[in-house]
Amino acid sequence: MTTYVLKRLVQAIPTLLGVVVLVFFFVRALPGDPARLYVGTDADLATVEAAREQFGLDRSLPEQFVFYARGLAQGNLGQSFRARRPAAEVIARHFRATLVLASIAISAATVLGVLLGVAAALRRGSLVDLAITSTSILGISTPSFFLGILFIYLFAVELRWLPVAGSVSPRGLVMPAATLAAAGLGTIARFARSSLLETFGNDYIRTAHAKGLAPRRVIGKHAIRNALIPVLTIIGLQFGFLLSGTVIVETVFNFHGLGWLLIQSIEARDYPVIQGLLLVFSVQFVLINLIVDVLYAFIDPRISYA
Amino acid sequence: MTSRFRRRLVPALAALALLTGVAVAQDTVRIAQSLAQNILSPAEATGLPDAAVIRTMFEGLVGFTDGVLVPELATEWTANDEATAFTFSLREGVTFHDGTAFDAQAVKDYYDWVMDPDGRGARGRSLLSAMERVEVLAPDQVRIHLSQPNGAFIFLLATSNARIVSPTAIATYGDELSKHPVGTGPFRFVSWDEGQQIVVERNPDYWGELAQVERIEFVVVNNSATRVAMLQSGEVHFIESLPPQLVPAIAADPNLEVLSTPAGFLRILQLNTTKAPFDDVRVRRALNHAVDKQQLVNVVFGGNATVMTAPIPETAFGYAQQPAYAYDPERARALLAEAGYADGFDMTVLTFTGDEYRTAGQVLQQMFAEVGVRMTLDAQERGSLVEQIFKPIDENPTEAALVGASASTGDADLALTVSFTRASFPPASNNWSFYSDDRVEELVLAGRRTGDPAERQAAYAEAQAIIWQDAPWVFLYAPNTIAGRSLEITGVENAPDNTIDARRAAFR
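Line by line, the protein sequences are chains A and B. Anchor point for the first sequence: position 218 equals 218 in this note's numbering, and the numbering is continuous, going up by one each time. Numbers in this note's numbering are just positions in the second sequence, counted from 1, shifted up by 1000.
Treat the hints as calculated values from the structure; they're not laboratory data. There could be a bad hint or two in this list.
Where chain B lies over chain A, by a calculated footprint (3+ residues, C-beta under 8 Å) [as the list claims (entries may be wrong)]:
1) 32 to 43
2) 149 to 158
3) 253 to 259
Derived coverage of chain A by chain B (criterion: at least 3 residues anywhere in the stretch with Cβ under 8 Å from a Cβ of chain B; other residues may be distant) [stated by the list, open to error]:
4) 46 to 59
5) 161 to 170
Think of the CB as a built atom: it goes at the ideal place given N, C-alpha and C, for glycine as much as any other residue.
Using the sequences plus the hints, can you model the full thing?
And the structure:
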């Protein structure tokens, strides 16, 4: 297992190197001058030039790249143009917020989603199934900005139970996490349901029934475990997306996580932060995929990584 | 949300609401800004969000209160006739928040630092570029010598970029100065959670009347709907940049009020006077006659804006009202025909993304269509628009742009210089029309070369008349700044320079 994990990590290196190079040139290909945006449109040329020099943008593109790559090799993402402090520090501050929010949202979505999915599958075709299936669709298809604003008006403006502004505090997390969980919950419930139904059709389930196992044991011991494998993939992917920051929900709730930071950094053309963020997102996806693959082995004894 | 729903639910849940309610202590005023603050060192600061916070902590020799030039750290001042030397008597007994005494030497040390060509205060340096040296005449008297006459210099000293920082803080914090604000203002720095919130508290040693609230918190809320919800839920007391379409909702709320203040901002359609057909003054005038500007204001701003009456804001010193370009499509068509465009022409208008610009652009599109001008709107994100519009004359592809202009010093000198003189051709500054007129150049210089307000006024009036007739812009409207405020507080409002003035914040 350890060898497998190490191998996977080594395999990720070319991917990440590609990301580093692409992102570096990509952000610089965007129209817009970070120095001009930083000093404002009413600043004179000397002020713009001073900022350009301070940002190191007066140097040639290859020079800038070498400078960036050299820093990166030493674990340095560069200096944020806007915040005037290390980009890594800026990203870390917002990462914590997003990590907490995404973890709560994915946990809620997983627990509720799997429970609802299983319930719907067991009572296939019943009213319960219909209710759960249609609610899932509703959860998936309601745009999060709409759901977010609905929550805000109900629970913050009208009832005043919760603050509008999200933050890393129990009360500040409720609405953003619920909004995020709503969509994930629907997806997970639908996946759990269909995966379980598919499993029910398998021979080994029929065998289990035939040999006289109690239905509860058939479902609990044989069906769910196998049905969860594809669900796990979905949960992993969803978590990856949530960790990349959820631009809309973070904006609606003024929650200062990675999605919010990405938007701010793009608007300001804060190259070091944009580069750092995209690198972090790539690393996250690599890691989450790896974790999901490792989890497969735990759930399904047939899967093993020698 | 219906009130019926409220009546049914609220009593049942009153206890819970009391337990969890969003209570803000009565000694703290919370203000929501739309953009994050970047820099709290006045000479380095670039944005309006910075200026709002800086104003609570820093003072200049002079400043603006409600748009009027007032003494701050100076008690009085005189200029020589040539407008090359300004002498200030300083307020006595003033100390910076770090205990450093404010005196003539502090003024000199500070401005020497700003004007140091290798220093960080590039914005202040560019603003005060006429400043040659500061002379200490007595502990409570300084004279500022200019390298060239500038009658508007006193207005420059009153702007946010010219506010004075403790020389001790400069020595102590160096490059980190922008994160450690130390001034003389009625509030002093407490904390800064970057990108999110800045907290200031009452300065108990302030030389003037003490602040009436204990603390002010400036929170950053980018999304306008979220700002409005925070005001409605009582999480903040004041929000800036209230979108016109949300004005009725705030106005209808018995606990809130809408503040609509004339500001030194303009919305214009700038025409590139070096490109056909906009090199013909008849075409430019025709476009001015083709727009029903009052109608435009009503559609875009629900009346919270005024039609432009001069090429500079009404709030600026030196403003001179010009005769209106009447809405007259017939006349516009005649002028176009005279210029050889009887069948109209196609034009592309560059503009920002965003509700106001999009709506205004669409209204212009329709009005221009009436006179045969086929306009395409090219809405771009701010960064790419700024890049295009600042290209030098030979490379600049812009035909016309629907953008903003302002007079940040509240004086005609800067407003005219940046928009209408050759020195301000992009990329140097904001003369995006590449407008050029010898007489205007002379008049702007003449206005700067004298300290006599009447002479300055006369020079600027003539310049404005020429520009108005030449119509390098389709002169549109001056939007008010619109804010929402809780009736719990007073004394927080938008100053005419479009920054929040929170110094007089108080609970009712």
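Tested hints:
{"no.": "1", "hint": "32 to 43", "result": "holds (count 10)"}
{"no.": "2", "hint": "149 to 158", "result": "holds (count 7)"}
{"no.": "3", "hint": "253 to 259", "result": "holds (count 3)"}
{"no.": "4", "hint": "46 to 59", "result": "holds (count 5)"}
{"no.": "5", "hint": "161 to 170", "result": "holds (count 5)"}
Consistency note: the structure conflicts with none of the earlier hints.
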